[in-house]
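These protein sequence lines map, in sequence, to chains A and B. With the first letter of the first sequence counted as 1, position 146 gets the number 177 in the numbering used here; the numbers rise by one all the way through. With the first letter of the second sequence counted as 1, position 265 gets the number 278 in the numbering used here; the numbers rise by one all the way through.
Keep in mind that the hints were calculated from the coordinates and are not lab data. Fair warning: there could be bad hints in the mix.
Computed list of lysine-lysine pairs in DSBU-like fashion (alpha-carbon distance at most 35 angstroms, straight line) [as the list claims (entries may be wrong)]:
| id | chain 1 | residue 1 | chain 2 | residue 2 |
| --- | --- | --- | --- | --- |
| 1 | B | K115 | B | K30 |
| 2 | A | K317 | A | K219 |
| 3 | A | K74 | B | K115 |
| 4 | A | K167 | B | K56 |
| 5 | B | K30 | A | K317 |
| 6 | A | K317 | B | K56 |
| 7 | B | K56 | B | K119 |
| 8 | A | K41 | B | K56 |
| 9 | A | K43 | B | K147 |
| 10 | B | K30 | B | K20 |
| 11 | A | K287 | A | K74 |
| 12 | B | K20 | A | K287 |
To give a feel for the contact side, a few chain A residues facing chain B, derived at Cβ under 10 angstroms [as the list claims (entries may be wrong)]:
| id | residue |
| --- | --- |
| 13 | R54 |
| 14 | I71 |
| 15 | L159 |
| 16 | F202 |
| 17 | V204 |
| 18 | F249 |
| 19 | V293 |
| 20 | L296 |
Not close to chain A: a few residues of chain B, all C-beta gaps over 12 angstroms, as computed [stated by the list, open to error]:
| id | residue |
| --- | --- |
| 21 | I25 |
| 22 | G41 |
| 23 | G51 |
| 24 | T62 |
| 25 | V66 |
| 26 | Y74 |
| 27 | V117 |
| 28 | L118 |
| 29 | I124 |
| 30 | F135 |
| 31 | L139 |
| 32 | T153 |
| 33 | P184 |
| 34 | R198 |
These figures come from a predicted structure and were not determined experimentally. Where is the CB? At the ideal position from N, CA and C, for every residue including glycine.
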Amino acid sequence: MSTNSQNNPKGKIAEIMGFNLLRLVTLLTVLPILGLIVFIIIKGAPALSIEFLTTPPSNGMRDGGILPAIIGTLYLTLGTAIFSVPLGVAAGIYISEYAEDNRLTRLIRIAIINLAGIPSVVYGLFGLGLFVLFLKFGTSILSASLTLSIMTLPVIISTTEEALRSVPNSFRVVSTSLGASRWQTIWKIVLPQGLPGIITGIILGLERAAGETAPILFTGATFFLPQLPHSPLDATMALPYHIFVISTQIPGMPVKIQYGTVLVLLIFVLGMNLIATLIRSRARSKRQW
Amino acid sequence: MRQEKRKSDIIISSVIKVCGYSSILFVGLILIFLLREGLPALKDVAFSTLFSVRWYPIEGYFGILPLILGTLLVTISATLIALPFGIGTALYMSEVAPRWIKEVLKPVVEILAGIPSVVLGFIGILVLVPFFRKFLDLPTGLTAFTGAILLGLISIPTIVSVAEDALNNVPPAYRQAGLALGATRWQTIWGVTLPAAKTGVLTAVMLGIGRSLGETMAVMMVTGNAPVLPTQIYALFRPVRTMTATIASEMGEVATGSQHYQVLFLIGILLFVFSLVINIVASAVSTRQRKRSERVLS
Chain A
32 MSTNSQNNPK GKIAEIMGFN LLRLVTLLTV LPILGLIVFI IIKGAPALSI
82 EFLTTPPSNG MRDGGILPAI IGTLYLTLGT AIFSVPLGVA AGIYISEYAE
132 DNRLTRLIRI AIINLAGIPS VVYGLFGLGL FVLFLKFGTS ILSASLTLSI
182 MTLPVIISTT EEALRSVPNS FRVVSTSLGA SRWQTIWKIV LPQGLPGIIT
232 GIILGLERAA GETAPILFTG ATFFLPQLPH SPLDATMALP YHIFVISTQI
282 PGMPVKIQYG TVLVLLIFVL GMNLIATLIR SRARSKRQW
Chain B
14 MRQEKRKSDI IISSVIKVCG YSSILFVGLI LIFLLREGLP ALKDVAFSTL
64 FSVRWYPIEG YFGILPLILG TLLVTISATL IALPFGIGTA LYMSEVAPRW
114 IKEVLKPVVE ILAGIPSVVL GFIGILVLVP FFRKFLDLPT GLTAFTGAIL
164 LGLISIPTIV SVAEDALNNV PPAYRQAGLA LGATRWQTIW GVTLPAAKTG
214 VLTAVMLGIG RSLGETMAVM MVTGNAPVLP TQIYALFRPV RTMTATIASE
264 MGEVATGSQH YQVLFLIGIL LFVFSLVINI VASAVSTRQR KRSERVLS
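Model the full assembly from the supplied sequences, consistent with the hints where possible.
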């Protein structure tokens, strides 16, 4: 390297300038993100109180808390998990452990890539057409959860596949040679090894579902609900939609409540993100192969 | 005992197989239900009406051109804004940064990817919109440009992670050869690494475009939602309306099965097709590249 700089002083200067430019660009990308988070925490923290978290809105959203929206988002996230986790993990197992390299598998891959790319509002249209109207589930937690599940599916499938693929093949060979069937090998050997990766993927997928607004707009979200939903066929308030409502639809909305609501959603979503990151890095440091 | 084992194995295997095929089923279902609700629009609404420049559904004007061009304007501007930051950050992370900085940067980019778009839209309304109105002396801060900035921010994580993967996949031997020939690391990045990762970077850009194209909430909240045909360059600093925002803001108020309802689904079909094309091309490009590099290296 030193000979480079001696022979090529002009190039060295260009390199220093170039590297600094890349550093600057990265800084300009990262700082607004961190700034945004800090800004929301500072602005939103004063609104947080037990009362804010445990009472419904009152006085046309301008007073009170956001309990129904919090509970609604929990329900939707849970509902999404019920449908998307078993289906997504099984599909990931299929692609990693069963699928052969043929035309059908390529078609499945293209389908997954496309599911991941479909705009969220189009999922909303689809949910409206299939779940709300055709299957007559109505505007409900069930319809919204099913819609979010299909949207979350590609994330869970791809991360499951990736996690299982990273398990060395020798594990499978040894297990099979000891007389285990294919499923026993997957269930007892491959799946446990890939579990941290799979859980990380599930959390990241659910995190995205929890923060989405467009897919639930016409499938399950409602403007205001005085009490909590009783059944999966009830519509529900949800944090992301509530943020949309209180920042665009209601004049004279107190800023404090707005930032408080945003902060609660951010804590929810980034908390899931943090957990996923921790699981992943812990699993990585414990890995023995 | 053995028989039993084999039987349960077969059952479980077939269940898993069915789950494996489910993605194909869902893509098919999505297409079918979009077509079912949206295709009648082509029969009921005249072609000349659909491809006119006036979107005013209450009086039966269903011109989708302003919406398509609005989406185009915002998406292209967003991509131009996101590109230097996305690619620059990817280059820094993969080629320049020491390991520990990389370990810090990665989660930060992931945090950005995890921030719900409605939160960015909210910050847009409360911070960006008033700022631009004052700073650029505009009648309103709800403009295509404001939307483009937010969309740029939203597509950056996609661009960074895909481009960084592409750069990491360039074999170290390429870089070593560049350095051995006397090039500086900077020259190696531009002359060797980046060209070698060209298609991967292109895929990153395309997926970024796909991300912007389909984004709904943030755009809807800050672009002012005026369905005006953007014809001149200053349209960037005027309110605009995208396809996604139109669906999101109007679907709640239409009667099921009405013309307006059908046209909104038709816009959904267009969005579906756009994203389909972008994703298939992006994945085709990257698989072809992978095959070629495997051939070169073997």
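Hints, one by one, checked against the model:
1. B:K115 to B:K30: Status violated; Cα separation ~39 angstroms.
2. A:K317 to A:K219: holds, 19 angstroms
3. A:K74 to B:K115: holds, 30 angstroms
4. A:K167 to B:K56: Holds: K167 (chain A) and K56 (chain B) sit about 26 angstroms apart, inside 35 angstroms.
5. B:K30 to A:K317: Measuring from Cα to Cα gives roughly 32 angstroms; hence the hint holds.
6. A:K317 to B:K56: Violated, at roughly 62 angstroms.
7. B:K56 to B:K119: violated, 50 angstroms
8. A:K41 to B:K56: The hint is violated at about 67 angstroms.
9. A:K43 to B:K147: With Cα atoms ~43 angstroms apart, K43 (chain A) and K147 (chain B) exceed 35 angstroms; violated.
10. B:K30 to B:K20: With a Cα-Cα distance of about 15 angstroms, the restraint between K30 (chain B) and K20 (chain B) holds, given a limit of 35 angstroms.
11. A:K287 to A:K74: holds, 7 angstroms
12. B:K20 to A:K287: violated, 61 angstroms
13. R54: Holds. Min distance 6 angstroms.
14. I71: holds, 8 angstroms
15. L159: Where the cut-off is 10 angstroms and the nearest Cβ of chain B is about 7 angstroms from L159 (chain A), the hint holds.
16. F202: violated, 18 angstroms
17. V204: violated, 18 angstroms
18. F249: holds, 5 angstroms
19. V293: OK, holds: V293 (chain A) within 10 angstroms of chain B, min 6 angstroms.
20. L296: holds, 6 angstroms
21. I25: violated, 5 angstroms
22. G41: G41 (chain B) is in fact no farther than 12 angstroms from some Cβ atom of chain A, at 8 angstroms.
23. G51: It is violated; G51 (chain B) is separated from chain A by about 8 angstroms at its closest Cβ, not greater than 12 angstroms.
24. T62: At about 21 angstroms from chain A, T62 (chain B) clears the 12 angstroms cut-off, so the statement holds.
25. V66: holds, 23 angstroms
26. Y74: holds, 21 angstroms
27. V117: violated, 9 angstroms
28. L118: With a cut-off of 12 angstroms, L118 (chain B) comes too close to chain A, as the shortest Cβ separation is near 7 angstroms.
29. I124: violated, 6 angstroms
30. F135: Nearest chain A Cβ is 5 angstroms from F135 (chain B), so the label is violated.
31. L139: Non-interface label on L139 (chain B) violated, nearest chain A Cβ at 7 angstroms vs cutoff 12 angstroms.
32. T153: holds, 14 angstroms
33. P184: holds, 20 angstroms
34. R198: Not fine: 6 angstroms to the nearest Cβ puts R198 (chain B) too close to chain A.
Against the hints set out earlier in the document, violations occur for numbers 1, 6, 7, 8, 9, 12, 16, 17, 21, 22, 23, 27, 28, 29, 30, 31 and 34.
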